[in-house]
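Residue-level listing of the chains:
2 protein chains.
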Amino acid sequence: MSRRPEFRLLTSDPATKARCGELLTSHGIVRTPVFLPVGSAAIVKTLTPEDVRGLGYDMILANTYHLYLRPGIDIIEKLGGLHRFMGWDGAILTDSGGYQIFSLSPLVKLSDEGILFRSHIDGSEHFISPELAIAYQERLGSDIAMALDQCPPIDAPREKVEEALERTYNWAKRCRVAHKRSDQALYAIVQGGLFAELRREAAETLISLDYDGYAIGGLSLGESKDMTYELVDISCSLLPWLKPRYLMGVGSPEDIVIAAGSGVDIFDSALPTRIARNGALFTNDGRIDITASRFKEIDRPVSDDCSCYTCRHFSAAYLNHLFKCRDLLAYRLATIHNLFFINQLVTGLRQAIMGGSYSQFRDTFIKRYHQTDEEARLENKREWLKKQKG
Amino acid sequence: MSRRPEFRLLTSDPATKARCGELLTSHGIVRTPVFLPVGSAAIVKTLTPEDVRGLGYDMILANTYHLYLRPGIDIIEKLGGLHRFMGWDGAILTDSGGYQIFSLSPLVKLSDEGILFRSHIDGSEHFISPELAIAYQERLGSDIAMALDQCPPIDAPREKVEEALERTYNWAKRCRVAHKRSDQALYAIVQGGLFAELRREAAETLISLDYDGYAIGGLSLGESKDMTYELVDISCSLLPWLKPRYLMGVGSPEDIVIAAGSGVDIFDSALPTRIARNGALFTNDGRIDITASRFKEIDRPVSDDCSCYTCRHFSAAYLNHLFKCRDLLAYRLATIHNLFFINQLVTGLRQAIMGGSYSQFRDTFIKRYHQTDEEARLENKREWLKKQKG
Numbered sequence: 001m002s003r004r005p006e007f008r009l010l011t012s013d014p015a016t017k018a019r020c021g022e023l024l025t026s027h028g029i030v031r032t033p034v035f036l037p038v039g040s041a042a043i044v045k046t047l048t049p050e051d052v053r054g055l056g057y058d059m060i061l062a063n064t065y066h067l068y069l070r071p072g073i074d075i076i077e078k079l080g081g082l083h084r085f086m087g088w089d090g091a092i093l094t095d096s097g098g099y100q101i102f103s104l105s106p107l108v109k110l111s112d113e114g115i116l117f118r119s120h121i122d123g124s125e126h127f128i129s130p131e132l133a134i135a136y137q138e139r140l141g142s143d144i145a146m147a148l149d150q151c152p153p154i155d156a157p158r159e160k161v162e163e164a165l166e167r168t169y170n171w172a173k174r175c176r177v178a179h180k181r182s183d184q185a186l187y188a189i190v191q192g193g194l195f196a197e198l199r200r201e202a203a204e205t206l207i208s209l210d211y212d213g214y215a216i217g218g219l220s221l222g223e224s225k226d227m228t229y230e231l232v233d234i235s236c237s238l239l240p241w242l243k244p245r246y247l248m249g250v251g252s253p254e255d256i257v258i259a260a261g262s263g264v265d266i267f268d269s270a271l272p273t274r275i276a277r278n279g280a281l282f283t284n285d286g287r288i289d290i291t292a293s294r295f296k297e298i299d300r301p302v303s304d305d306c307s308c309y310t311c312r313h314f315s316a317a318y319l320n321h322l323f324k325c326r327d328l329l330a331y332r333l334a335t336i337h338n339l340f341f342i343n344q345l346v347t348g349l350r351q352a353i354m355g356g357s358y359s360q361f362r363d364t365f366i367k368r369y370h371q372t373d374e375e376a377r378l379e380n381k382r383e384w385l386k387k388q389k390g
Numbered sequence: 001m002s003r004r005p006e007f008r009l010l011t012s013d014p015a016t017k018a019r020c021g022e023l024l025t026s027h028g029i030v031r032t033p034v035f036l037p038v039g040s041a042a043i044v045k046t047l048t049p050e051d052v053r054g055l056g057y058d059m060i061l062a063n064t065y066h067l068y069l070r071p072g073i074d075i076i077e078k079l080g081g082l083h084r085f086m087g088w089d090g091a092i093l094t095d096s097g098g099y100q101i102f103s104l105s106p107l108v109k110l111s112d113e114g115i116l117f118r119s120h121i122d123g124s125e126h127f128i129s130p131e132l133a134i135a136y137q138e139r140l141g142s143d144i145a146m147a148l149d150q151c152p153p154i155d156a157p158r159e160k161v162e163e164a165l166e167r168t169y170n171w172a173k174r175c176r177v178a179h180k181r182s183d184q185a186l187y188a189i190v191q192g193g194l195f196a197e198l199r200r201e202a203a204e205t206l207i208s209l210d211y212d213g214y215a216i217g218g219l220s221l222g223e224s225k226d227m228t229y230e231l232v233d234i235s236c237s238l239l240p241w242l243k244p245r246y247l248m249g250v251g252s253p254e255d256i257v258i259a260a261g262s263g264v265d266i267f268d269s270a271l272p273t274r275i276a277r278n279g280a281l282f283t284n285d286g287r288i289d290i291t292a293s294r295f296k297e298i299d300r301p302v303s304d305d306c307s308c309y310t311c312r313h314f315s316a317a318y319l320n321h322l323f324k325c326r327d328l329l330a331y332r333l334a335t336i337h338n339l340f341f342i343n344q345l346v347t348g349l350r351q352a353i354m355g356g357s358y359s360q361f362r363d364t365f366i367k368r369y370h371q372t373d374e375e376a377r378l379e380n381k382r383e384w385l386k387k388q389k390g
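Protein chains in written order, with our numbering: chain A, 1 to 390; chain B, 1 to 390.
These are computed hints drawn from the structure, not numbers from a lab. Keep in mind that the hints are not guaranteed to be accurate.
Any copy will do: because identical chains look the same in the list, a pair fits if it lies in one copy or spans two.
Stated by the list, open to error - Below 20 Å or equal to it, Euclidean Cα-Cα: the simulated PhoX-like pairs (lysine-lysine) are:
{"#": "1", "residue 1": "Lys160", "residue 2": "Lys381"}
{"#": "2", "residue 1": "Lys243", "residue 2": "Lys160"}
{"#": "3", "residue 1": "Lys78", "residue 2": "Lys324"}
{"#": "4", "residue 1": "Lys78", "residue 2": "Lys296"}
{"#": "5", "residue 1": "Lys17", "residue 2": "Lys243"}
{"#": "6", "residue 1": "Lys17", "residue 2": "Lys225"}
Isolated chain A, as found in the complex (with noise of 0.2 Å):
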């Protein structure tokens, strides 16, 4: 059944802006808040599709700059479009590659019409316009398509972050015109920095253009959590209520349930599936670091109450040794258990929601969860936006 992915708003906490819903696309039923999986070139890394299906994900990120270079939009139409290309039947998201094209690759030329960069593979020189994004996400065929957008570096000055805004939206009115996929929906980013009021603007003049979602963007990217909260709230009020939210880049477990409040429906991030390949894993408590010496000999699982394939399987001991070995294995494994935490944390979210618990559920979650020390996740944050232009 081929249809225009619509959202169906559920219920809401009273306490807060926290709801549940739906999200009704060709490829199923998406329940929200929902968390995806980063797949930019249509894996999600180490895993196969039926992997992130039983690991009980619907829907998944793909980019459409990624796809565009590698293996490029033609090929993955002539075989049939994105879903079929990669073996995956859940519903997919394509970001529109504006992102990408300011954090990856060498920008040439940056103007009203359209962006001129460079590959981060090969150096070869390529343009996009707000009507080259719409008609690329058209051929790949996503259930949810993103305008393109121009996303300051979050240092900007506010006269940059205006001007990009002015261009978000100017891309936003020909994104929209250009749109015609009559089975895909399309969704507006708000940026605006960390300016509330130009975040306010934005969500205005976007919010007139009646696109079926609206995104927020542009953050997470070195600022304090606070801020990132503080920014979400207000750029989620802003929104009309019976539309879906989603909060781009944005997925460490503490983030996903705080966001959650303030009515955040889609969430996506490499974060959970990139940290577990360095060995960071996920528990109730907070991260572990599985290649560290104390876990040599540990002959219980990495968390004595997840249920995941890998906790189920094998001991941190085996988990540590396939990471001092660097096997490919347990990068899969890491992956696998990860990704299964946040699937288990948003369900257990949606389900405190539905039950008008979402402040217990939320309180109860961080006072146990160890968080990364703050200095030292903006630090690392810092370095990793460095070396992903580098």
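Given chain A, work out where chain B should sit, using these hints.
Structure of chain B alone, referenced to chain A:
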């Protein structure tokens, strides 16, 4: 049920020396001829034990050398033995470490007492003797253990090979005496380089020690295939008919099919899994290189007549994309394909032998299967052997 693995010969092909049998172990019955996937460090690279079992394998090979260095025999013993440590409830054959010391680690001193060697991981100095090799394997708890041997280089002059044989024989005597574990079989290794006469001598002396089974070692190390097959045939003809024969480190599809005709029961080789990670995939027509650009748009599986997980779920184009992206999923899916192919081949081989049609099976397979060019193969082999040491 804890039992000393026993070999039961079921049938032999009337026209050749090909045969079928069973290894009865405490961890299940293993039908022969059998191919053992290599899991040197208690990991069949990229796969879970469940994957390996699902591919039809009932026995794997692990390596005392690798496990001694990492995570250490103590840890594995403390965690309940090798089967439990790695979560594999099938049978395990452990190599003694002799071959790996000579091929992987900088040798410090070789004497009749044992071998002083350096770890290829951190350069630390270690000593192994026949008695220690047995003790380690008993503590690991493998189903079949191997005697410590000395494997001379393929181009060693006759006197060096004789010297190694003498030492291997003396060590085999000591291993036989040292071995106590009642639920573990012990096999000796016939060496002798490329000298048929020396192989005869080695076989005869080792047979007098009444081992549970006999391995043929030191082949497929850079000599021509014809030479390998000839020496395998000679070696097999010298070994006791009712005891299992294990051809070590040999495992290309054509090698397995041909050597089974000489009466080999057990094979192991890292080749199918190693070349998979380079994108070389087996088909009934020969190997293909899935990274080649001709697969970029192929919307069919790698092999139309293959029913492995990879071929059932993914197109050649998607696999090509995974390899281009260097995603770890590529290596896993390729490994699954190649191990499935080998198991299908060995299953067909057993059926043919049971049905008295081995020669026909061999001829049909060899006629269709395009073998790698012999000169290119030998060049690659030499390169690989050099790299292993460096």
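task: Please work out whether the CA atoms of Lys160 and Lys381 approach to 20 Å or closer within one copy, between two copies, in both situations, or in neither?
output: neither (22 Å within a copy, 59 Å between copies)
- request: Go through the copies and call it for Lys243 and Lys160: within, between, both or neither, with a Cα cutoff of 20 Å.
  value: Answer is neither; intra-copy 29 Å and inter-copy 80 Å both fail.
- prompt: Between Lys78 and Lys296, at a C-alpha cutoff of 20 Å, which is it: within one copy, between copies, both, or neither?
  reply: between (49 Å within a copy, 11 Å between copies)
task: Pop the pair Lys17 and Lys225 into one bin, within, between, both or neither, using alpha-carbon distances up to 20 Å.
output: within (19 Å within a copy, 72 Å between copies)
query: Under a CA distance limit of 20 Å, which applies to Lys78 and Lys324: within one copy, between copies, both, or neither?
result: Close across copies (18 Å), not inside one copy (42 Å); limit 20 Å.
- prompt: Given a CA cutoff of 20 Å, do Lys17 and Lys243 count as a within-copy pair, a between-copy pair, both, or neither?
  reply: within (14 Å within a copy, 74 Å between copies)
When held up to the earlier numbered hints, the structure conflicts with 1 and 2 and fits the remainder.
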